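First to last, the protein sequences are chains A and B. Letter by letter, the first sequence follows residues 1101 to 1213 in our numbering. Letter by letter, the second sequence follows residues 59 to 173 in our numbering.
No lab work stands behind these hints, which were simulated from the structure alone. For clarity, every value in this text was computed on a predicted model and none was experimentally measured. It cannot be assumed that every hint is accurate.
[What the hints assert, rightly or not] Partial list, computed: chain B residues near chain A (C-beta under 7 Å):
1) Arg101
2) Gln102
3) Met103
4) Leu105
5) Asn159
6) Leu161
7) Phe163
8) Thr165
9) Gly166
The beta carbon of each residue, even a glycine, is placed where N, CA and C say it ideally should be.
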Amino acid sequence: GAVVSQHPSWVICKSGTSVKIECRSLDFQATTMFWYRQFPKQSLMLMATSNEGSKATYEQGVEKDKFLINHASLTLSTLTVTSAHPEDSSFYICSGWAALEQYFGPGTRLTVT
Amino acid sequence: AQTVTQSQPEMSVQEAETVTLSCTYDTSESDYYLFWYKQPPSRQMILVIRQEAYKQQNATENRFSVNFQKAAKSFSLKISDSQLGDAAMYFCAYRSGGATNKLIFGTGTLLAVQP
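All chains should be built: construct the whole structure from the sequences, respecting the hints.
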């Protein structure tokens, strides 16, 4: 199957700083990628749809100025959490479609201290 | 709007036994796809099985099979000969057949496998 990578797998940052998470489709091209947030023992919550070469589409209630998404190429999407606060601590997952299957990255654990 | 409901927060099964996880969904569309994903402790999402709504035949992948009841909007997952490695969170998901390709997830069922 197709492979999606994420970097870093775990990041700790101080409150008020920004952190960037990279999502790469290694063996397929993705015009659209998705960013999810997941709290422990809960489901995946879609945050935004990342569109190559255009603006991301954010789900209702997601602050677009706080969660900046850039989809600069067909294989790379980035999520930047700006001015991070402890409540932003979570597990972030990206994904992309290849054929009729959505492939997920391994996730990034963000801890804001 | 489409919704996906998993009414079993937790399930338990003995090794080598069979277990069925329930999923219902609500939609007014006729063209759509349904999925079961597994999320083990590593938290890597893994596709278990996919069902196209236009197909009457239930999908099967080795020990995993579904019971797709389109009229009842039900999509249950049966795991046969359960193995310790099947222990995970299982999510049911819906995707529209149209241009919108977002996945809508259920709340998940945590499956424990007892040795």
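Point to revise | Violated hints, by number in ascending order, as checked against the structure | key: The structure conflicts with no hint, since it agrees with every one listed earlier.
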